[in-house]
Every structure is written in structure tokens, then in C-alpha cells.
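Chains as they are written, first to last, in our numbering: chain L, 11 to 134; chain A, 119 to 854.
Everything labelled a hint here was simulated from the structure, so no lab data went into it. One or more hints might be untrue.
What the hints assert, rightly or not - Calculated lysine-lysine pairs in the PhoX-like style (CA-CA distance at most 20 Å, straight line):
#: 1; chain 1: A; residue 1: K823; chain 2: A; residue 2: K813
#: 2; chain 1: A; residue 1: K635; chain 2: L; residue 2: K127
#: 3; chain 1: A; residue 1: K656; chain 2: L; residue 2: K34
#: 4; chain 1: L; residue 1: K118; chain 2: A; residue 2: K642
#: 5; chain 1: L; residue 1: K118; chain 2: A; residue 2: K635
#: 6; chain 1: A; residue 1: K635; chain 2: L; residue 2: K34
What the hints assert, rightly or not - Not close to chain L: a few residues of chain A, all C-beta gaps over 10 Å, as computed:
#: 7; residue: I149
#: 8; residue: Y240
#: 9; residue: I353
#: 10; residue: N368
#: 11; residue: K369
#: 12; residue: E414
#: 13; residue: E522
#: 14; residue: T542
#: 15; residue: S679
#: 16; residue: F720
#: 17; residue: K781
Think of the CB as a built atom: it goes at the ideal place given N, C-alpha and C, for glycine as much as any other residue.
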Amino acid sequence: MPKIKILFIEDDPDQIFLYQTKFKLEGYDFISAKDGVEGLRLAEQEKPDLVLLDILLADENGIDILKNLKNNKKTKNIPVIVFTNFDKEEINQRAVALGAVGYVIKSKVVPSEIVKKVAEVLKL
Amino acid sequence: MSFLKFLPLISCFFVLTLGFFVLAKKSSKAIKIIFFLFCLVVSVWLFGTFMMFRTTQDYLAIFWDRFIYAGVVFVPALMHHFSLLITKRKNQRLLLYTNYGLAFVFLFLSQTKYFVDGLFYYAWGVHTKAQFFHHIFLFQFFFFIFFLFYNIYTFYKNKANALEKAQLKYVLLAFGLLIGIGAFAYLPAYGISIFPFSFISGVLFAVVLVYAILHHRFMDIKIAIKHGSIYVGSIIVTVALTFSLWLFLNKLVYSSDIGTTVTSLIFALIIFSPLNKFIEKFANKHLFYSLYNYQETINHLTNKLTTIINLDQIIDLVVDTIKNTMRLVRSGVLLIDESKSPFQYQVAKVVGFNKKNGISLVQDNFLTRHLAVTQKPLVREELDFLSEQTKSPSDKQSFLTLKEHMTRIEASLCLPLISSNKLTGIIVLGGKVSGDAYSKEDLDLLTVLSNQASIAIENARLYQQVQDFNKTLQTKVDEQTKDIQEKAVHLEKLLKMRSEFLDIASHQLRTPTSVIKGTLAMMKEGDMEKMSPEEKAKFVEGMFQKSVKLESIINDILVASEMDTADFDIETKDEIELDKFLEKEVNEHQFDAAEKKLTLAFEKLTDGPFKIKGSIKYLEQVIDNLLDNALKYTPQGFVKATIKKEGNNAIIAISDSGIGILKDDLKRIFNKFIRGKNARNVYTDGSGLGLFIIKRIMDRHPGSKVWAESPVRQALTAGGEESKGSTFYLQFPLLK
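Isolated chain L, as found in the complex (with noise of 0.2 Å):
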């Protein structure tokens, strides 16, 4: 059985460096993009089961991304989890409503109880 493949956008090293680790362990193959641009490329190239998708990237709102993946015949279908410290209620509403699986705030889970999300998504 093939790996299940992560896909993490998110400009941080640090937090790339710490999620990286811990779903490699886990098992995961995982994968991440600093940019919109970067993440919508590796999403139709490499067909992630998931992408873990932060809100406040640096030159894009992660919402427009969102936008973006969610009007891509190619990438449609793959889960998206919104994995940020941007705790807003009205942007937690606005990405369901495009079609996020899930609306994670960083700083209130550790790192293992995101891979257990990411199950639960996958139903594994």
C-alpha cells in the first residue's frame, strides 16, 4: 500500500521543519509549499491525499488558495484542513463554506493530535 502523501503550504521553516518530522514519523509521506504558487503546482503534480493549508501566508490570503484549489478540475477533490493560528470565526465559516473539510487552530492541538485529524479526514 502506497504511502498516504501530505501536502503542508506554509511559509514558516520552523513549523514546516516540526509537522514534516512528526507526520514522517508517523508514516506519512509529506510534502510542503512555501507559496500559493508553489502549493496549486505540487497539488496537481504530485496529487496529495490532503493539504494542510495555513491563513495567513505572506503574499496570499490562504483563502484564495483555497478558492483556487477548489475551481481546479485537477485538484478539487483533495481534502483541504485549514491548519492556522488565524482564530476567526468568520473565516473558519468562509473556508466550509468553499469546501475546507476542517478548521484547525495551530496552538490548540500538538503535533499528534493533527495527524489524528488528518485520519479521521482519511477515515483510516
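With the hints as your guide, set chain A onto chain L.
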């Protein structure tokens, strides 16, 4: 000429009708009876003459002439009596009695042959011959006619008021015509053949006096011709003209066909309206007194006034009513504005007057004082009299000045508007269209009208005050509401800003927290044991860096929120030698620069001294932050700090060869939590507060400022392309 034979009879009819008409009018004044008797004796003369001329027998001619004298002998006494009554003369009583006595003596004598006897035969008829006593009677006749004219003339000259003068002119004219033409009737009695045209004098006499009655209320006779009568008159004239036309047309075409009838009817339709207007205009001008009905006018005004509360409308109504009722050329209303001190007049409405002229009337307070005291209409014609009556020399002059003033602006009458015994305004009236003076009845009516008007005006003013007060109140409420709205908008903005602050601040705080927490959780859960030593080291280092960052963000937030309060202030008492200060700061950053393989240089571009006043503690933070930023956002190349003197200022420039700042960002880079869009590509954890703090500190240094320049990139590019870097400037006023 059969018509001329009837002339005496026609005259007789006119005069007798006039006599009966005057007698029939209400009021039993002596003057009316005397006037009637006069008309009666004149009619006797005219009727007798008519009979005398048509008789063919001598004895009958003499009979009719003696009949004539039975009336004519009373003419001198009645004319004299009439002149006394009309001029209100109390003397000449004895003369009058003598006159009447003589009249009875001549009455007796006139029936004898010593008065008239024998006949002259003329081409146009016969006339009796005058005898001895006739000569004496003629003397008496002309003597008392002289008295009539003398009495009337002296009264006209000295005592008559304007109305009486107007009336007397017609009296003089009427009697002048009657006597001047009528006296020719004596000539045939002395054998002088003159065609007997003099009987026309009776018609003229009657016509002139009827005009005096209609136009000037001679002998206080009023004839009420209403608008309805004018309408009826217009119909009669139209019918008459139309009928004439119809007859004329029928004669022209020798038959009466439908065409002439239709033409005539169309003619009637066309002329009726203009004719009615013309007759009304004519009546307005010439039959003035008959046109208004005292009671009706008052009722009309009262009824209308009760339905209006608007001041302007009331003024319009009052001015129009007076102007139309009296047929005036001009009128106006001045109101006293008590809200100003001293009080001022304001022109509420003028028709025909010049506004300035209206105000000029009340420029000196004399008129105001006079009207306030008398509370009665002031007629221009009475000003001479008032001036004579008053004892104070200054008042005398004031009356005369006022008269000149009123004459100049063509004002004839000033009516006071009195409310609660106080003068509230003046109605100024010009002359009448007809040129007549104001009669006593006019003044009575105007007094009533002005009283009505004052009450209505006062009510309207009170109402207006209440309304104005309401308006002011509404304005105040509106202002307050607007103020509250503005405050609400401002508060909303503040709340939004606060909420943004919290959103961003919490994000900034959570990011390092989540890494630290995540790392510790993995350690606790035993994940560390599965890692390689390099991974473990990187893991712990990452967590440490995040805790350093967390501390710095907390610090920035604390400083920024402290600076965000209104009473944040910095003591700028330290004397600082800025060049040395900057050099020291630069040196402290050499280690960091070396670590990033950047060159960091300090250069003094001009000579000092660079002494300024400021806060060492805060300025250290400013320069430290700027150097930190420069090093942080410069991947390769240099950072340079320079100082120079420019005018009375010291200018520090910290420039780098780093990523630069986008044009859009330059404007807002000093705002709270704003970071350059490209900044995160290089360094993700900036608080967005550094430049904000720098700006606040510089703002608290009097005369100092900070700004940034970046001659770079117009758009963000993905890669690490070359940029020309950015420069931050600090300007401080130098100490002298």
C-alpha cells in the same frame, strides 16, 4: 328747432330730480332742505320759461313770467343761505334774514305790473318787459350771488380740508355755470334779443353736482354702486351697442337675415369683457366713494384673517385689501423688530413704494413716537395743522420735516399697528388712484382694518416665534444626532482597529507558541527517541529560536500598546552627541553583520557638532531596530549608516542593499502590524510593530521625523532578484 323749445323742460327735469334725490337721502341736514328748495325754485324758473315760450297769448305769457318770479325771487336768499351752510359760517345771520324778507317783498311785487309787464316779440318767441322793481331785484340778485362766491372762496382758501376743497371746486363750478349762463335769461326782459340757450345751465348745474356727489360725496351723500351694478351696466351698454349694430347692419343689407344677427352676437361676445373692465376702471377712478362697502370690507378681511397664520400671507392680505378698497397707488407695511436693540424696522411688504423710502420714513424716531402716543392715523395734510398746534418748537419742526419726507416719497397716510397698547408697526399708504384725499369714513375704516391687522400680525409673529424655536430645537437635535453618529462611527472604527489588533496580535503570539508546544509534545510523546542526533539538535534549536521570538513579540506588543495610549510621553532631556551615538550602535551590530557576511559601515558625511536633545533609552531602540531590520532584510551586500548636517538638522540615513520596500507599502509601513509584503519571504516572524514603535518614538521628539525611501521594485517577484535596497532617514533638530 323743437328740441331747443324743450331745453328748459329738460333742464327742469334734471334739476328737480337732483333736488328730490338729495332730499330723499337719509339724514335731515338743513343743507339738503335748502338745496332742495333751491332746486325747486330753479325748476319753477325753468318750467315757467318753457310754458312762457310756447304760449301764443300775451296775457298767458305774462302769467307764466309772474309764475317764474314767484320762484326766482327766492334764489338770492336760498343761495346765500346755502353758502352759509356749506361754509359752516355762523355770522351774516341778519343779512340772511334781510335777504329772506326781501324775497317775500319781491314775491308780492313780482305779481304786480311794477315788476314785469308788457311784451317783447322776438324771432324765437315772446318775453316780458322788466319794470322798476325788477331793476332793484337784479341788484339784490347779483349782490347775494357775490356773497355766495365770496363766502365759498374765503372758506376754500382758509379753512377747508382736502375733501371739502375738492367738493367746493365743483360747487363753485356748478353755481358759476348756473349763474354765468343762466343770467343771460334776464337779457330778453330788457329788449335784448338773445337766443334762449341759457336754460342748458340747469342741466350743467345738475351734472356737475351729481359728479361732485358721486366722486366727492358732496353733502355727505353716498351712492352705493356695487360691482354687480357695474356688471348690469356693462350688459345694458353691450346690448345697446349690439342692437345699434344690428339695426345698422340690417339697414345696410336691407333685410334682417341670420347673418346680421350672428355678427351682432359675436360682436357682443367680443366687446362685453373689455367693456366691463373699462367701465369698472372708469367707475373706480371716477365713482370711487360708491365702490366700497364698509361693513363688507371688514367682514371680508376678518373672515380671511382668521384662516391665515402665515405672517407674509397676512401682510399680503392686509396690503391688498387696503390697496384695493381704497384704490391706492402704493402702500406698504413696516414692522418693528424688537429682537434688535435698539429696535429696528423691517419692511414686510411694499407695493409701489421704494423699499429704502419706506425705511427712510422712520429713520428719526419722531413718527414712531408720535404714532405710539396718539395711536391714530396720521394724514399728511394735517401735518401743517399739527405743527401749528404744538407748542414745542422742535416738534413743530419735526412735523414739517415729516411732511416734507412724506411728500417726497409720496406717502399720504401712516396707520399705526397697535398691539397690547404698543406700536408694533406702521402701514404707510400713498395717494388714491383718483387723486382724492382720505375722507373721515376712510380713516374710520382704515383704523378698524389696521386694528384687525395688528392682532393678526401679532398672532402670526408669535406663531412664527414658536416655529422658529421649534426649528432651532430641531437643528440642535440634528446637530447632536450627527455628533453622536460621528462618535459612533469613530468608536466602531476604534473597535474594528482593536479587533484587528487582537486578531493579528494573537496570531503573532500563537505562531511561536504552537511550535514550542508542538515540539515539547513530541518530546513528551517519545518522538524524539526516533530522531537522528542532527534532527534532534535542529528540533531543539528551532524551539529555542521560537521562544526568543516570542519574548521579542511580547515585548513589542507591550511597548506598542503603551505608546498607543494618549498620555504616552517621552522625556527628551538627554544631551546626545549623535555621531558618536550612531557609531557606537553600528559597532554593536558588527558581529551580526559578519555572521550574515554583510559589510556594515559608518560614515560622517559632514563635520559636526551633532548635539541634540532626546531620550537615550528610546533612541537606542530606534537605531537598534533600524540596523536589525536592515541586516535582517538584506540577504547579501551591505548596510551603511551615515550622518550629515543639513541646515539646522542632523540627518541619519541607514541604507542597505536588501529586498527593498514596495511602493504601496512605503505609505503604510509605519502603521501598526504592517509588514512589507515581501518581508515574510525573508523573515516570517516579524511582529509588524518595529517601525510603528520607531515612528511613535520619533513623533515624541519635538521637530524630529522618520521616513523611508526605496527606489525599487514596482511588483513583487517570486525569486530573489536584485533590488536597489532601501534607506530609512531620521531627522533631528540640532542644539545651538
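Hint check:
Our distance criterion of 20 Å between C-alpha atoms is met by K823 (chain A) and K813 (chain A), whose separation comes to about 8 Å. Distance check on the hinted pair: K635 (chain A) and K127 (chain L) sit about 17 Å apart at the alpha-carbon level, within 20 Å; holds. Between K656 (chain A) and K34 (chain L) the alpha-carbon distance is near 16 Å, which keeps this suggested pair within the 20 Å criterion. Distance hint between K118 (chain L) and K642 (chain A) is fulfilled; the C-alpha atoms sit about 16 Å from each other, no more than 20 Å.
Distance restraint check for K118 (chain L) and K635 (chain A): the Cα-Cα separation of roughly 9 Å lies within the 20 Å cut-off, and the hinted pair is therefore satisfied. Taking the CA atoms of K635 (chain A) and K34 (chain L), the gap is near 19 Å; set against the 20 Å cutoff, the hint holds. Non-interface call for I149 (chain A) relative to chain L: holds, since the shortest CB-CB distance, roughly 105 Å, exceeds 10 Å. Non-interface call for Y240 (chain A) relative to chain L: holds, since the shortest CB-CB distance, roughly 131 Å, exceeds 10 Å.
For I353 (chain A), the requirement that its beta carbon stay farther than 10 Å from each beta carbon of chain L is met, with the minimum near 88 Å. Non-interface call for N368 (chain A) relative to chain L: holds, since the shortest CB-CB distance, roughly 101 Å, exceeds 10 Å. For K369 (chain A), the requirement that its beta carbon stay farther than 10 Å from each beta carbon of chain L is met, with the minimum near 104 Å. Every CB of chain L lies more than 10 Å from the CB of E414 (chain A), the least distance being 79 Å, so the non-interface label holds.
Under the 10 Å C-beta cut-off, the non-interface status given to E522 (chain A) relative to chain L holds; the minimum distance is some 86 Å. Once the 10 Å rule is applied to beta carbons, T542 (chain A) is consistent with being away from chain L; the minimum gap is 68 Å. The non-interface label for S679 (chain A) is consistent with chain L: the shortest C-beta to C-beta separation is roughly 20 Å, beyond 10 Å. Every beta carbon of chain L lies more than 10 Å from that of F720 (chain A), the smallest distance being close to 32 Å; the non-interface claim holds.
Non-interface call for K781 (chain A) relative to chain L: holds, since the shortest CB-CB distance, roughly 15 Å, exceeds 10 Å.
When the structure is compared with the earlier hints, no violation turns up for any of them.
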